[in-house]
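Q: Sequence:
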Amino acid sequence: MVPFRLADPDGQKDILGTTIMQRPAQPEEVAGAVPFLASDEASYMTGSEMVVDGGYTAQ
1 MVPFRLADPD GQKDILGTTI MQRPAQPEEV AGAVPFLASD EASYMTGSEM
51 VVDGGYTAQ
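Throughout the sequence shown, residue numbering follows full-length UniProt numbering, covering 1 to 59 in sequence.
FYI, nobody ran anything at the bench for these hints, they're computed from the structure. There could be a bad hint or two in this list.
Unchecked claim - Restraint-style ranges between C-beta atoms, simulated for each label pair:
no.: 1; residue 1: Pro9; residue 2: Pro35; range: 17 to 25 Å
no.: 2; residue 1: Val51; residue 2: Asp10; range: 20 to 28 Å
no.: 3; residue 1: Val30; residue 2: Ala7; range: 16 to 24 Å
no.: 4; residue 1: Ser48; residue 2: Thr18; range: 38 to 46 Å
no.: 5; residue 1: Thr57; residue 2: Ala31; range: 16 to 24 Å
no.: 6; residue 1: Asp10; residue 2: Thr46; range: 36 to 44 Å
Everything numeric in this text was worked out from a predicted model, so none of it was measured. A virtual CB, placed ideally from N, CA and C, is assigned to each residue, including glycine.
Start from the sequences and build out the full structure, keeping to the hints where you can.
A: Dropping the structure here:
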């Protein structure tokens with residue numbers, strides 16, 4: 001669904017216009033959070049949310 005919307009200029013504006021990074025994420029950027037959460041570095045984290053959205057929720 002997202003590639004279809006990004007192919008349309010109006011859809012691209014709707015999706016990326018409200019994102020601080022102004023571009024879609026690369027899969028490795030999003031996937032990078034998984035090894036951290038599975039590592040000992042995150043062993044003291046509980047009940048937290050890790051937002052990986054290019055600044056969309058910070059708008």
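Q: A separate judgement is required for each hint: does it hold in the structure or not?
A: Hint check results:
Distance hint for Pro9 and Pro35: a CB-CB separation of about 36 Å, inconsistent with the stated range 17 to 25 Å. Between Val51 and Asp10 the beta carbons are some 26 Å apart, a value that agrees with the proposed interval 20 to 28 Å. Between Val30 and Ala7 the beta carbons are some 20 Å apart, a value that agrees with the proposed interval 16 to 24 Å. Distance hint for Ser48 and Thr18: a CB-CB separation of about 24 Å, inconsistent with the stated range 38 to 46 Å.
With their beta carbons about 19 Å apart, Thr57 and Ala31 fall inside the hinted range of 16 to 24 Å. Judged by the Cβ atoms, the range 36 to 44 Å given for Asp10 and Thr46 holds: they are separated by roughly 42 Å.
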